[in-house]
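**Q** From first to last, the protein sequence lines stand for chains E and U. Under this note's numbering, think of the first position of the first sequence as 1, with each following residue one higher. Under this note's numbering, think of the first position of the second sequence as 1, with each following residue one higher.
Hints are computed from structural coordinates only; laboratory data are not their basis. We put the beta carbon where it would ideally sit given N, CA and C, even for glycine. Do not take every clue at face value.
To be verified - Pairs of lysine-lysine residues, derived as BS3-like cross-links and limited to a Cα-Cα distance of at most 25 Å, are as follows: (1) E/502 with U/525; (2) E/92 with E/34; (3) E/212 with U/203.
Stated by the list, open to error - Stretch by stretch, here's where chain E covers chain U in the computed footprint (C-beta under 8 Å, at least three residues): (4) 95 to 108; (5) 123 to 135; (6) 234 to 242; (7) 418 to 432.
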Amino acid sequence: MSKAEKKLAIWNAQIITRALVDSCKKLNPITMMKNPVMLVVEVGSVMTTILLLRDIATGAPGIGFALQITLWLWFTVLFANFAEAMAEGRGKAQADNLRKAKTETIAHRLLPNGTTEEVPAPRLRRDDVVVVSAGEFIPGDGEIIEGVASVDESAITGESAPVIREAGGDRSAVTGGTRVLSDQIKIRITSNPGETFIDRMIALVEGAERQKTPNEIALNILLAGLTIVFLLAVVTLQPFAIYSSAPQTIFVLVSLLVCLIPTTIGGLLSAIGIAGMDRLIQHNVLAMSGRAVEAAGDVNTLLLDKTGTITLGNRQAAEFIPLRGVDQSELADAAQLSSLADETPEGRSIVVLAKEKYGLRGRELTAHEAHFIPFTAQTRMSGINYNGREIRKGAVDAIERYVSTNGTPAPKEMREVVERIAKSGGTPLVVAENHRPLGIIYLKDIVKGGMKERFDQLRAMGIRTVMITGDNPLTAAAIAREAGVDDFLAEAKPEDKMALIKREQAEGKLVAMTGDGTNDAPALAQADVGVAMNTGTQAAKEAGNMVDLDSNPTKLIEVVEIGKQLLMTRGALTTFSIANDVAKYFAIIPAMFSTAFPVLNALNIMKLATPQSAILSAVIFNALIIIALIPLALTGVKYRPLSAASLLRRNLLVYGLGGVIVPFIGIKLIDVVIVALGLA
Amino acid sequence: MTLNGWLQILFFFALILAVTKPLGVFMAHVFNRERTWLDPILRPVERLIYRLTGVDETREMRWTEYALAMLLFSGVSMVVLYLIQRMQAWLPFNPQKLANIEPSSAFNTAASFTTNTNWQSYVPEVTMSYLTQMAGLAYHNFVSAAVGIALAIAFIRGIARREQNTLGNFWVDLTRATLWVLLPFCLVGALLLVSQGVVQNFKPYDTAKLIDPQGQVTEQVIAQGPVASQEAIKMWGTNGGGFFNANSSHPFENPTPFSNLLEMFAIFAISAGLTYTLGKMTGAQKHGWAVFAAMALLFWIGIATAYWAEAKGNPILSGADQVASATQSGGNMEGKEVRFGIANSALFATITTNASCGAVNSMHDSFTPLGGLVPLANIMLSEVIFGGVGAGLYGILIYVVLAVFIAGLMVGRTPEYLGKKIEAYDVKMAMLNLLIFPLTILVFAAISSVSPDFGTSQLNNAGPHGLSEILYAFSSGTGNNGSAFAGISANTYWYNTTIGVAMLFGRFLMIIPMLALAGNLGRKKTVPPSLGTFPVTTPLFTTLLVSVIIIVGALTFFPALSLGPIVEHLLMQAGQTF
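With the sequences and hints as input, model every part of the structure.
**A** Below, the structure written as structure tokens:
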């Protein structure tokens, strides 16, 4: 499944066919109970159908009009069901793809005596240990307890490049349904059948577990309230009409009611919610609840880890700065030697810089001639003992201590260079040989392209970005300035992150963050939106309320945008729906009473042909607008990084004023067409 | 329409604009219990009241307790008023020897004055003794207005407070609203009215010999009484119940153009000031002005329409000279006082229905259909255009919550009102509040309009005008306005009871969800404002708020109105009146 395939076309034939069937199934009144607005339409349709049958039986006049009204009322319900079915259908199509990944596999369960037995994957329970070899599917979600392997996770991420998974550390989690490509690993299963990641994913995309989100519930209350108001207005209109000697038929009254109640938003509301989740999934982000998606729209503060989010993965060696009296090539040679065994990206970049700039080839050193000194938290240095040379590199404090053991203090020049580098946002790494300082390696953070613009956009929306880094405050400040974030937290420990989140939340703000390590888990759980990286530990994935399958921390920004888009779409269609009512009044009220009071034709400003054509046009418009707005509901209103004030101005103009004007034009056009067709 | 007319309207509005800030600041001080210049006199009185009643003024109440105290207080006061009416013949201050009042009328009046409605289905000067007027009605004029102010302050506190469970102390707010706000204003107001010739005495009615006897009728009874004191609170408290049946068109209630201006000013002043208090107490002064601007805009739409319709007159009266000139007002003068003319009658009618006052200086029943539509529509918008003291503010704040919720989503966030997230519970309470109004008006009016025995038989006019009269009666009751379209004989068992119930629904059933909303808002955290915050201080917000008020009101009542004043207007254009 490639990424391109994941983006489904809106009008996908297969989805439409399934949606058409589903929209009829959804007519079941018990299903309709969830949507009070459309339930009222359905009840109205049943009423007109019964009256229509009575009229046909008694041969009453005006069957044509009654029949058309009844049909279009049913269409209104069906169109709303269709919208929901379309949104669900897109999810189901994705779920089908996921199910393919859930092939029945045979697991090799490890027995206490060290041998394995073959059991079908669904019989695995939590805390079972299984052995998976190259070429086999991983039978369930779990954690590697022994070994390292490359794993093909394309079934869930769509990314074909294999990833490395290993025991211990932050890359130990594996997902059921993915495939081991090389090596053999021992996995402790962490979920029971039916509760695995893929199961949850399928349930999520299918909408089976979908619960109404807080804002959706609030909106539903508003819509139900408005429906009751209009029910009152229409039900009491009949007595007033009788007083005025102009009683109305049930067909007309039901038409008026259906046109007034907010069917447009009522019919599209659940589709908007499902489509919002769907958009996240298309970005390879899994939200564990709709609530989290809404919260993403409300986020006030984004906590972004510097490394990997704001800057390119790791620092790169950019320059060797020798101290006075030291030759540059001497420094380069020592730096390269000290880094040969250093497998960190920084270490490798030092070897590469020495090679590129000074032509020093990487040397193969065997253990007998060289003794590597690994980095420890105590010494805070690493290095090599080689041919009587003792080369060390590390943070300035550590090297100063190392140098001073020889009795001579480090030169002042060293401190100066170090501070200069730190101030400009770089990381200084001091190199010393046999207790003599040689010079400084300038490690530079590379800020990702385009980040400044994105932060500017976020700022325009009123979202504050805070960079989290383990760097010292000086370095952090420089990078923060270069990247354009609003604030930074330097020398951050996991508990500092937690404290920052709590502080922000105490001010009433909503906080979003990403994380992957087990030590991120408490903060991920505390944050309002916690996006765990799929490469992260099981603990992190369970603590967060979203999982990014691509493990791309920058995606937090997209998550926020999708959340906002979801809320904006709801608001826009609600406003549009209510604004539509103005035109419908001008169509229906004069049509209802122009027989009793011909003067009321003055209100027929659209100059609709006949009372019947006017009412029919309004009902048809009301039904067709649902279909017309399905694409908007599914794709969401276009998101723009603007301040709330300008967004409001824009959207009020488009959906508020537009909502007043569009139906005037639409109803008039429909009236012209049905008159031309001789339907009324 | 004349320039002079427009200038008078403009002058009135400028006065209101000028006092909004000083009154608002003053009320913020009073309800924040900060020092005011009246403290040396009133603070000892206040302390004495608390000592006598055992109120602990430092004790704060949750919304439920606040609501309970308010209901208890209103309930007991209502029963007392009912009993006074039922026993007035045996009580003092009754020089005219007026009889006890029959139960349905007494219930109606008790409900009416408790709810700040002051709907009067009786003729006061031949029904109510001086004691009933003063101890029964005027007392309620004070306390029902004070309750309204207290509730508005409680609502403001709900918005302003963060993570707190309480909304203030009802008894303290009630006392301070009466002592600091209503009493001083009314004292000054009453004296100014007396200076204009409004009577204030306990004398029996005068009898005057007619200079020009009309057949059998040779003398006229001239009613007297403690009018000025009651007139002042009738306006300041947006009560509207007249001492006399003719209300503010009676020369003893409203003798001069100056007294007329004074009365109109008193109707709006406190409500306008409360918008500033809202801004001050929530720390969002611009929001207070945005709310004021929304009210002002709706006021101007109403007065412009009413003045235009009344000045244009009736096209059917082709023979009559309806052109304004130096010697006559022109336009539709039926039911209007010559000393007020078209502009001041249209203005008074607009103001009294913008606010839930209900005092009248002209007969709304005699307005042209569109001119009469303005008062009716004002009430149907639930009187949030400055509105009743307190009630207008908390009424418009419910619309603010709805406007923020509907349009707030469009900025891509859970809607926030001054940092408070508007969630399901808040929307539920706002919608409950919103539902009571159409439910009460439309259902009672619908039953009345198809019931010849007790409903339509009381109408004095047929056709659309009759429907307008029914709609107006229930709107006025539910909206706690109290003005009458007249033309309907409402002192019957059916109307006394249903309008009485409508008044109680329109007051208390709307207050309870409102207080629940306030209590819930007060418990919430406040999200600090940022660029992403929904703006509630801009002209755009004002436009949005006005649109929501008009659309919600219009969508609810347009079908009914189209069969009442709208079709009546169109028929008048075609040469038919009712």
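**Q** Determine for every hint whether it applies to the structure shown.
**A** How the hints compare with the structure:
1. Distance hint between residue 502 of chain E and residue 525 of chain U is fulfilled; the C-alpha atoms sit about 14 Å from each other, no more than 25 Å.
2. As the CA atoms of residue 92 of chain E and residue 34 of chain E are separated by approximately 20 Å, the hinted pair is consistent with the 25 Å bound.
3. With a C-alpha separation of about 69 Å, the suggested pair residue 212 of chain E and residue 203 of chain U falls outside the 25 Å cut-off, and the hint is violated.
4. Requiring three or more residues with a Cβ within less than 8 Å of a Cβ of chain E, the coverage given for the stretch 95 to 108 of chain U is violated, as only 0 such residues are present.
5. With 0 residues bearing a CB less than 8 Å from a CB of chain E, the stretch 123 to 135 of chain U misses the requirement of three and the coverage assertion fails.
6. Against chain E, the stretch 234 to 242 of chain U contributes 0 residues with a C-beta closer than 8 Å to a partner C-beta. That does not satisfy the three-residue criterion, and the hint is violated.
7. Proximity of the stretch 418 to 432 of chain U to chain E, defined as three or more residues with a beta carbon under 8 Å from a beta carbon of that chain, is established by the 10 residues found.
In this structure, the earlier hints numbered 3, 4, 5, 6 are contradicted, and the remaining ones agree with it.
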